[in-house]
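Based on the hints, put chain F in the right spot on chain G.
Line by line, the protein sequences give chains G and F. By the numbering used here, the letter at position 24 of the first sequence is numbered 24, and the numbering carries on one by one without gaps. By the numbering used here, the letter at position 438 of the second sequence is numbered 686, and the numbering carries on one by one without gaps.
Derived by calculation from the structure, the hints in this document are not laboratory data. Since the structure is predicted, the reported quantities are computational estimates derived from the model, not experimental observations. For every residue, glycine included, the Cβ atom is placed at its ideal position computed from N, Cα and C. Watch out, some of these pointers could steer you wrong.
Covered, in the sense of this in silico footprint (three residues per stretch, anywhere, with C-beta under 8 Å from a C-beta of chain G), are these stretches of chain F [to be verified]:
hint, region
1, 418-426
2, 812-822
Derived pair list, reagent style DSS-like, types lysine-lysine, alpha-carbon separation capped at 30 Å [to be verified]:
hint, chain 1, residue 1, chain 2, residue 2
3, F, K819, G, K11
4, G, K47, F, K781
5, F, K758, G, K11
6, F, K785, F, K819
7, G, K47, F, K819
8, F, K255, F, K445
Per label pair, the in silico range of CB-to-CB distance [said to hold, decoys possible]:
hint, chain 1, residue 1, chain 2, residue 2, range
9, G, Q43, F, K627, 54 to 62 Å
10, G, R89, F, N825, 34 to 42 Å
11, F, R575, G, D93, 44 to 52 Å
12, F, T460, G, Q43, 21 to 29 Å
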Amino acid sequence: MNLTLKIWRQKGPEVKGQMVEYNVRDISEHMSFLEMMDVLNEQLVAKNEEPVAFDHDCREGICGMCSLHINGEAHGPDRGITTCQLHMRMFKDGETITIEPFRANAFPVIKDLVVDRMAFERIQQAGGFISVNTSGNTQDANAIPISKHNADLAMDAAACIGCGACVASCKNSSAMLFVSAKVSQFALLPQGQVEATDRVLNMVKQMDEEGFGNCTNTGACEVECPKGISLENIARMNREYLSASLKG
Amino acid sequence: MTKLDSKVPKGPIADKWTTYKDKIDLVNPANKRNIDVIVVGTGLAGGSAAATLAELGYNVKAFAYQDSPRRAHSIAAQGGINAAKNYMGDGDSNYRLFYDTVKGGDYRSREANVYRLAEVSGNIIDQCVAQGVPFARDYGGLLDNRSFGGVLVSRTFYAKGQTGQQLLLGAYSAMNRQIARGKIEMYNRHEMLDVVKVDGKARGIIARDLITGEIERHSAHAVVIATGGYGNVYFLSTNAMGSNATAAWKIHKKGAYFANPCYTQIHPTCIPRSGDYQSKLTLMSESLRNDGRIWVPLHLEDAKAIQEGKLKPTQIPEENRDYFLERRYPAFGNLVPRDVASRAAKERCDAGYGVNATGEAVYLDFAAAFERYGTEQAKIKGIHNPSKEEIIKLGQAIIEEKYGNLFQMYEKIIAENPYETPMMIYPATHYTMGGVWVDYNLMTTVPGLYCIGEANFSDHGANRLGASALMQGLADGYFVLPYTIGDYLSDDIRTGAIPTDSPEFDEVEKEVKDRLDFFINNEGTHSVDYFHKKLGKVMWDKVGMARNEKHLKEAITEIKEIREDFWKNVKVPGGLNEFNQELEKAGRVADFLELGELFAMDALNRNESCGGHFREESAETSGPQKGEAKRNDKDYAYVAAWEHKGEPADAVLHKEELEFKDIELKTRSYK
Chain G
1 MNLTLKIWRQ
11 KGPEVKGQMV
21 EYNVRDISEH
31 MSFLEMMDVL
41 NEQLVAKNEE
51 PVAFDHDCRE
61 GICGMCSLHI
71 NGEAHGPDRG
81 ITTCQLHMRM
91 FKDGETITIE
101 PFRANAFPVI
111 KDLVVDRMAF
121 ERIQQAGGFI
131 SVNTSGNTQD
141 ANAIPISKHN
151 ADLAMDAAAC
161 IGCGACVASC
171 KNSSAMLFVS
181 AKVSQFALLP
191 QGQVEATDRV
201 LNMVKQMDEE
211 GFGNCTNTGA
221 CEVECPKGIS
231 LENIARMNRE
241 YLSASLKG
Chain F
249 MTKLDSKVPK
259 GPIADKWTTY
269 KDKIDLVNPA
279 NKRNIDVIVV
289 GTGLAGGSAA
299 ATLAELGYNV
309 KAFAYQDSPR
319 RAHSIAAQGG
329 INAAKNYMGD
339 GDSNYRLFYD
349 TVKGGDYRSR
359 EANVYRLAEV
369 SGNIIDQCVA
379 QGVPFARDYG
389 GLLDNRSFGG
399 VLVSRTFYAK
409 GQTGQQLLLG
419 AYSAMNRQIA
429 RGKIEMYNRH
439 EMLDVVKVDG
449 KARGIIARDL
459 ITGEIERHSA
469 HAVVIATGGY
479 GNVYFLSTNA
489 MGSNATAAWK
499 IHKKGAYFAN
509 PCYTQIHPTC
519 IPRSGDYQSK
529 LTLMSESLRN
539 DGRIWVPLHL
549 EDAKAIQEGK
559 LKPTQIPEEN
569 RDYFLERRYP
579 AFGNLVPRDV
589 ASRAAKERCD
599 AGYGVNATGE
609 AVYLDFAAAF
619 ERYGTEQAKI
629 KGIHNPSKEE
639 IIKLGQAIIE
649 EKYGNLFQMY
659 EKIIAENPYE
669 TPMMIYPATH
679 YTMGGVWVDY
689 NLMTTVPGLY
699 CIGEANFSDH
709 GANRLGASAL
719 MQGLADGYFV
729 LPYTIGDYLS
739 DDIRTGAIPT
749 DSPEFDEVEK
759 EVKDRLDFFI
769 NNEGTHSVDY
779 FHKKLGKVMW
789 DKVGMARNEK
799 HLKEAITEIK
809 EIREDFWKNV
819 KVPGGLNEFN
829 QELEKAGRVA
839 DFLELGELFA
849 MDALNRNESC
859 GGHFREESAE
869 TSGPQKGEAK
879 RNDKDYAYVA
889 AWEHKGEPAD
899 AVLHKEELEF
909 KDIELKTRSY
919 K
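Okay, chain G solo, but in the shape it has when bound:
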């Protein structure tokens, strides 16, 4: 198939960006979206032009490195996948595809389609852990039985890949789904109880400092999340936050 691509080009963080149009020909429907981008970049290199910068790594939907807003949707038109798992069979011959970076104040553009997601790192550093030393002197793993139900829910929350699609999809650029996934994982496990109060207060505080917006329960994040992280996690975090605030 032949396609027209409208791609956001921006030389650096301080430079003004713009949409630039490119054409690619003979794209196979079996290609992944990023393989189509590879084809474009090989064309550009051949013409001595600078290739389009975009983040990617594992190309199997788990590292969370790839991003992209495709035709107005985080990770493109398909559901439950990241951009690297999107295939060209989702598009039609002759179509025009708009490709932009994830947009949020807390995710400044580094170059072209690459954004800076360090805000997520700082939120995790504020409390996204259990303070246990890796000494090897912990108790036996089976000394703490955990109900299968809670273990499964914790796993579902822990499946977050930290890509930032939730933020990019939210009209307020809220990071509630991301933060609540980590808070929920530990809130559901006995190991996480000891530090539960500090964890939720510190992580939410950091989230606010990073300039993410508020949650107004529109649920766009859940729809676009490649890993199906549920809105229930936000409800759980709100409960955790409320009870932590009361404890002070």
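The following block gives chain F in isolation, referenced to the frame of chain G:
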């Protein structure tokens, strides 16, 4: 010349590690504050090492080329992590895990290292649970286990199909705690481009800030390399796009020996290639082989018709199918180890029986499992005389519960419903057992330079068992290196901070800058990928699953030619002092172009078949094992450690003889 001393402690194998730890020199807490350690790579091995060293009190600087440690490719491991907990009561023990690993590795690993790995395996699970890793549990709330290829017990712990992700997030959270405490300085989007030695000891690195392009000097009292394997030397592999061998190769060129580069694992259950534009291959967990049956058409004309799209697999009757693994290996059937399964698939495809348009695929069929599980379910549910459709439906539900995410992934990529038509699979490069040579302390041949995880050669011999990569990465990082490095650093308590304004740093920085300058100014004719693909093709065709002298010699010549062409004609657009992904790739491919040659040389030197390394000249010619790999313990029971001498072709071979005192050397039979 450095003499190869493995430094394995004396004494009975079960006591070595404990006795050794008791006698190791320690660094007191007040002195640890004055000691800096650099950790390059933040996957399971590097992440766990960085966190633990920081907890102990050292000042750690950690480096990752991605924008977060959480993105390292350990995250893609699906199946699980082995540990000799014997929670299932099925006879598992440290000794059995040790035995399985040595046997699975085709008797080419160092016994003492493997025993230690088995010994600390249980601790890893304790540690991860304490960190909040959500492993799968049964209804009683205790941890669940599954079985994996090549062994006879259930010792694999798992977190859905995302075990690597959950373990990495565990190590990442431990790192975050130390970053918050200021004990780890994290350098995301930084790439190590060389190591700096002062008075023969590793004392720092030169790194490039991938956002600004700035070249930075970082010093430390010890440097730990945890940068993973070199599978991307094949261009197409299941590794991440950015996975590279640069750090490992650079330290090799600065004096660290590189061991057994030819030991590469080709994983049998990957999704086949669809076209020349393909950028990577996707692996599906080998747990699929627990329920899937692997076959190709029995008759060539059927295979041809399928390749031409004139016939569907479901139209081929049972008697015209060749379940080649079950036929060749009745005892293990579809559950033979990875190397055996991969070679058998290649053998059938080379003979023309492959399916897919490319002829490079075999079927993985769940129809029998649908029926088996369906019949079982019908009984459980008390359905009398169920129809065939009912049975299939019930069975499919069970398979969906077990492998739903993998079936979905397959359908997204291939656009075929694997519940209705058999999956197609083909082997792909997945893991490299070879790597930087290390002694029992995980130190390379350069003092103060350590190498852990997939990047080193140590524990898997010539073939790695499933669910053992995660185990080794975390064992090295959490429980081994933090002890052994103290023994070395105890001599450095009075050294003080290492200055970066020394001539040694000047010199290495200049080398790094000159090379980057060259790429930007070369104005060649071909992109970096052009050369990488050419290298990959030679590697796959001539240094792939089956190797012979003629092809290996050709490969050595051809790789050299591609390398010369690369240095004349490579084109790298953009500038030095900016975010430049083509420039990053250029440096990595330049190193692969050297590593590939040493890889082929090592494969040529090892004229025996063992594990993932199959030499066509070394196969059984008669008896029940006819056609199977033939190991040669008399001549090759050694680790081939290569010393760099300028060009890859000039590398000098050093041998570490392997001693098997606790396990008897046997032919690995899965018949």
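Consistency of the hints with the structure:
no.: 1; hint: 418-426; result: holds (count 5)
no.: 2; hint: 812-822; result: holds (count 3)
no.: 3; hint: F:K819 <-> G:K11; result: holds, 20 Å
no.: 4; hint: G:K47 <-> F:K781; result: holds, 20 Å
no.: 5; hint: F:K758 <-> G:K11; result: holds, 27 Å
no.: 6; hint: F:K785 <-> F:K819; result: holds, 20 Å
no.: 7; hint: G:K47 <-> F:K819; result: holds, 11 Å
no.: 8; hint: F:K255 <-> F:K445; result: holds, 22 Å
no.: 9; hint: G:Q43 <-> F:K627: 54 to 62 Å; result: holds, 60 Å
no.: 10; hint: G:R89 <-> F:N825: 34 to 42 Å; result: holds, 40 Å
no.: 11; hint: F:R575 <-> G:D93: 44 to 52 Å; result: holds, 45 Å
no.: 12; hint: F:T460 <-> G:Q43: 21 to 29 Å; result: holds, 27 Å
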